[in-house]
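Build out the structure end to end from the sequences listed, making use of the hints.
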Amino acid sequence: MSILQYGFMQRAFIVGILLALITPCIGITIVLKRMSMIGDALSHSSLAGVALGLILGINPVAGAVVTCIIAALGIEAIRKNIPRYSEVAISVVMSAGIGLAGILSGFVENGAGFNSFLFGSIVSISWGELALVVVISVLVLGAILFFYRELFYIGFDENAARISGVKVRNINFLFTILTALTVSVASRTVGTLIVSSMLVVPVACGMQMAKSYRGTLICGIIVAVSTTIAGLFLSYYAGLKPGGTIVLLEVVWFVVVMIVKNVNK
Amino acid sequence: MVIEIKNLAFCYTGVPVLENVNLGLEEGDFAILTGENGSGKSTFLRLLLGELRAQTGSIEVYGEDISKCFGREKMGYVPQNSISKNQNFPATVEEIMMTGIYKPSFRARFHAKKEKERLKEALREMEMDGFWKSRIGELSGGQQQRVMLARALVGNPRLLILDEPTTGMDTESVKKLAAVLEKRNREDRLTVLMVTHGNSGLFKGANRFFRAEEGRITEE
Chain U
1 MSILQYGFMQ
11 RAFIVGILLA
21 LITPCIGITI
31 VLKRMSMIGD
41 ALSHSSLAGV
51 ALGLILGINP
61 VAGAVVTCII
71 AALGIEAIRK
81 NIPRYSEVAI
91 SVVMSAGIGL
101 AGILSGFVEN
111 GAGFNSFLFG
121 SIVSISWGEL
131 ALVVVISVLV
141 LGAILFFYRE
151 LFYIGFDENA
161 ARISGVKVRN
171 INFLFTILTA
181 LTVSVASRTV
191 GTLIVSSMLV
201 VPVACGMQMA
211 KSYRGTLICG
221 IIVAVSTTIA
231 GLFLSYYAGL
241 KPGGTIVLLE
251 VVWFVVVMIV
261 KNVNK
Chain L
1001 MVIEIKNLAF
1011 CYTGVPVLEN
1021 VNLGLEEGDF
1031 AILTGENGSG
1041 KSTFLRLLLG
1051 ELRAQTGSIE
1061 VYGEDISKCF
1071 GREKMGYVPQ
1081 NSISKNQNFP
1091 ATVEEIMMTG
1101 IYKPSFRARF
1111 HAKKEKERLK
1121 EALREMEMDG
1131 FWKSRIGELS
1141 GGQQQRVMLA
1151 RALVGNPRLL
1161 ILDEPTTGMD
1171 TESVKKLAAV
1181 LEKRNREDRL
1191 TVLMVTHGNS
1201 GLFKGANRFF
1211 RAEEGRITEE
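These protein sequence lines are chains U and L, in that order. Mapping of the first sequence onto my numbering: residues 1 to 265, in sequence order. Mapping of the second sequence onto my numbering: residues 1001 to 1220, in sequence order.
Please keep in mind that the hints were generated in silico from the structure rather than gathered at the bench. Built from N, CA and C at the ideal position, the CB exists for glycine as well. A hint or two may mislead.
[Stated by the list, open to error] In silico BS3-like links for lysine-lysine, alpha-carbon gap of 25 Å or less: (1) L:LYS1068 - U:LYS211; (2) L:LYS1120 - U:LYS33; (3) U:LYS261 - L:LYS1133; (4) U:LYS167 - L:LYS1176; (5) U:LYS261 - U:LYS211; (6) U:LYS211 - L:LYS1120; (7) U:LYS211 - L:LYS1116; (8) L:LYS1068 - L:LYS1120; (9) L:LYS1133 - U:LYS211; (10) L:LYS1116 - U:LYS265; (11) L:LYS1103 - U:LYS33; (12) U:LYS80 - L:LYS1068.
[Said to hold, decoys possible] So the derived label-pair ranges between C-beta atoms look like this: (13) U:SER116 - L:LYS1114: 45 to 53 Å; (14) U:PHE173 - L:LYS1068: 16 to 24 Å; (15) U:ASN170 - L:GLU1220: 39 to 47 Å; (16) U:PHE146 - L:GLU1121: 25 to 33 Å.
And the structure:
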């Protein structure tokens, strides 16, 4: 298989598969808490960090991580102040992220480098970026597995979880940080405009395919990993953008599952 | 005293929703709180569940501030029946029941599977043991609520709080729910606080009745 002879493709497969493992783990809680827009808000904020990184001459992914975490903390802070209209927090932070990214992009000398973050460039991942993705993936997977029961409980019934002794506020805070980390590294590979879909679509497929929470998560991971591998192959041989190809394959999977489910009803 | 509430008050953006609420429940009390929409009973419940913090006054459970009791004192909670919320939630009855024996400790993470027989027994009491592997959204409203009650009771709570548990349930299901609650209340001295706006007449075992009206809660 000549495709895997190239170092850049090996890195693309490793990063792609790692992200396909962690995005459904984050996505399932996002979907069940009906916060699908948070991926968009954070990814657009990460774009501001990318621009800042390019202007200051530091690693743009590191810039994205910092602005994503600040944006996530901003969402939490606004939510605390207006708990009855918490979805407003996501809109405010997304607007701030887009505005800041728009202004900062005017100061970026390498416009092509900045634009590559819009739709991602998984095949141009450096060894340093690969290491960052590995570290963040291990961190996210470890935390999600450790707090599996708490995340499920909060997703199903936050009040009952609080009464049972789940530290709801702490877990929500931790989850927001994990989401910020995931979105910032995924933005580099699949692009800021697509990362939200990667969080949501595999989980949406899993919800159609499985009865249980565990099954939904496993099916979501299977969908994400398989479409990532297929998408990388397809984009390499057909000369397509990998990020867009992966997400479109996920959407195709979702539509097929929905049709099959309706036919079998 | 199981619950002792003193001079409780709460305002939303300056508008008083609850004023000077005083209420006490002894062990073995079966209390029903009724009230129309906007009477303040939902806010009262959200304060009890720690979702909101009171601006003045105190809520004590077994002599301690309620926020310190979560996870320690044996409190159970049955949420409002919400079929639409659960319709597409991807979880089986088994997974929902597992939350009933949640303990925050590190070691508890590895022992939960050993408790399955106890969970099935709790479902059997509610005649729901045949639905162990069913998706929660596939059950009717009454069945879902029986699962929620089984989940709340499996941890052997000393205090059970129910939020409009009879919404969307047929009379037979309400009678079944009432029978289980009355049995636990009578035999195990379980203290019950149920918030509802209807069907309270079917709960014959209740001995305390409260009414929420225009931000005040009075005993009838």
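Quick rundown of the hints versus the structure:
For the hint linking LYS1068 (chain L) to LYS211 (chain U), the alpha-carbon distance of about 36 Å lies beyond 25 Å, and the restraint is violated. Distance restraint check for LYS1120 (chain L) and LYS33 (chain U): the Cα-Cα separation of roughly 28 Å exceeds the 25 Å cut-off, and the hinted pair is therefore not satisfied. A C-alpha spacing of about 19 Å is found between LYS261 (chain U) and LYS1133 (chain L), which places the hinted pair at or below 25 Å, so the restraint holds. As the CA atoms of LYS167 (chain U) and LYS1176 (chain L) are separated by approximately 34 Å, the hinted pair breaks the 25 Å bound.
With a CA separation close to 13 Å, the supplied pair LYS261 (chain U) and LYS211 (chain U) stays within the 25 Å bound. Between LYS211 (chain U) and LYS1120 (chain L) the alpha-carbon distance is near 19 Å, which keeps this suggested pair within the 25 Å criterion. A C-alpha spacing of about 19 Å is found between LYS211 (chain U) and LYS1116 (chain L), which places the hinted pair at or below 25 Å, so the restraint holds. Between LYS1068 (chain L) and LYS1120 (chain L), the direct Cα distance comes to roughly 30 Å. Violation of the 25 Å bound is thereby established for this hinted pair.
Taken as a hint, the LYS1133 (chain L) and LYS211 (chain U) pair is honoured in the structure, with Cα atoms around 8 Å apart against an allowance of 25 Å. For the suggested pair LYS1116 (chain L) and LYS265 (chain U), the alpha carbons sit about 32 Å apart, so the restraint of at most 25 Å is broken. Taking the CA atoms of LYS1103 (chain L) and LYS33 (chain U), the gap is about 22 Å. The hint holds against a cut of 25 Å. Using a Cα cut-off of 25 Å, the hinted pair LYS80 (chain U) and LYS1068 (chain L) holds, with the two alpha carbons roughly 21 Å apart.
Between SER116 (chain U) and LYS1114 (chain L) the beta carbon distance is about 52 Å. The supplied range of 45 to 53 Å therefore holds. Judged by the Cβ atoms, the range 16 to 24 Å given for PHE173 (chain U) and LYS1068 (chain L) holds: they are separated by roughly 20 Å. With their beta carbons about 41 Å apart, ASN170 (chain U) and GLU1220 (chain L) fall inside the hinted range of 39 to 47 Å. At about 29 Å, the CB distance of PHE146 (chain U) to GLU1121 (chain L) agrees with the hint of 25 to 33 Å.
In summary, the structure is inconsistent with hints 1, 2, 4, 8, 10 from the numbered list given earlier, while agreeing with the others.
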